[in-house]
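J.: If you read the protein sequences in the order shown, they are chains A and B.
Just so you know, numbering that gives the first Met the number 0 puts 12 at position 13 of the first sequence, and the rest follows in order with no gaps.
Just so you know, numbering that gives the first Met the number 0 puts 96 at position 97 of the second sequence, and the rest follows in order with no gaps.
Keep in mind that the hints were calculated from the coordinates and are not lab data.
There could be a bad hint or two in this list.
[Said to hold, decoys possible] Computed footprint of chain A on chain B, listed as stretches where at least three residues anywhere in the stretch have a Cβ under 8 Å from a Cβ of chain A:
id	stretch
1	29-43
2	47-56
3	66-79
4	103-111
[Said to hold, decoys possible] Cβ-to-Cβ under 7 Å is the rule here; a few derived chain B residues that face chain A:
id	residue
5	E82
6	S83
7	G84
No residue lacks a Cβ here, since even glycine has one placed at the ideal position from N, Cα and C.
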Amino acid sequence: MTATTAFDVGAHIRDIAPDVFETMVSARAELTENHAPLALERISGAIGIVGDSVTGAVYLHLPELFAQQAAGVMLAVAAGQLATDSETNDVTGELTNIIAGVLKSVLCDAGYFCAVSTPSVIRGAFSVEASPGMDVDHFYFLCLGQRIAVEVHLNFF
Amino acid sequence: MKILSVDDSKTIRMIVKRTFAPFDCTVLEACNGEEGLATALAEKPDLIVLDITMPVMDGVTMLGKLKENPEIKSIPVIMLTAESGRENVAYIAKLGVRDYLVKPFKDDQLIEKVKRVIALQPKAEAVAA
């Protein structure tokens, strides 16, 4: 068995992401097999993973409306008001940070010691080009009536 | 009572602030370990809620410097982190933190952890209401 197949990222992300959205956004997230392209107006968080035996990244892609709703809940924005772009970006970064942080902990517990970067947030529709050797997995969830995606790039060596 | 929230995420600092709004305490904010140390020295908070991964100076480095400084080394620290791996938890326990809370977290979990360390009292107006 290779290192790559020994670590089932999907088994973890399928648990981690719903737990994060349930706890932080008070919203149920369910895995969906609908892998159609996401909304064009979206906000993405990105976190790098670096270690002795694994490198990679975690991306969280959120439709802009979802990110605003999540920011409204997490920051307790008053009814009738909208979170600012800066607040929405920060909430997206933090949600990405929590998902990546939990994944990092699971990787470390499995013997793949690594560290994570601080989050970057990007607005707009784009696709991520995988570096050579990376295994890329996309996980789509339905949450607050919208599709969101967690994209994980990992290279075990 | 003064609680210092040290986190690069404004979201987490705002959650901490909102969580303790009903209590008779002031929440101070710092967005990295360097600012956190400066604020701890200037304000002498009763408790620090500290993130680990931050730019400029991370939480582990800040904790080490805090424990080296006689003026502030006795301030209790609760780590608030998404990094809950066994090695990580064992490491931060050795650094002398009072407790840790793993993200994602609910407000009442944070209140419970903090109440174990400092005597939080409801705000007078909250009691009156």
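J.: All the hints need checking, so say for each whether the structure fits it.
T.: Hints and how they fare:
no., hint, in the structure
1, 29-43, "violated (count 0)"
2, 47-56, "holds (count 3)"
3, 66-79, "violated (count 0)"
4, 103-111, "holds (count 3)"
5, E82, "holds, 5 Å"
6, S83, "holds, 5 Å"
7, G84, "holds, 4 Å"
The structure is inconsistent with the numbered hints 1 and 3, although it conforms to all the rest.
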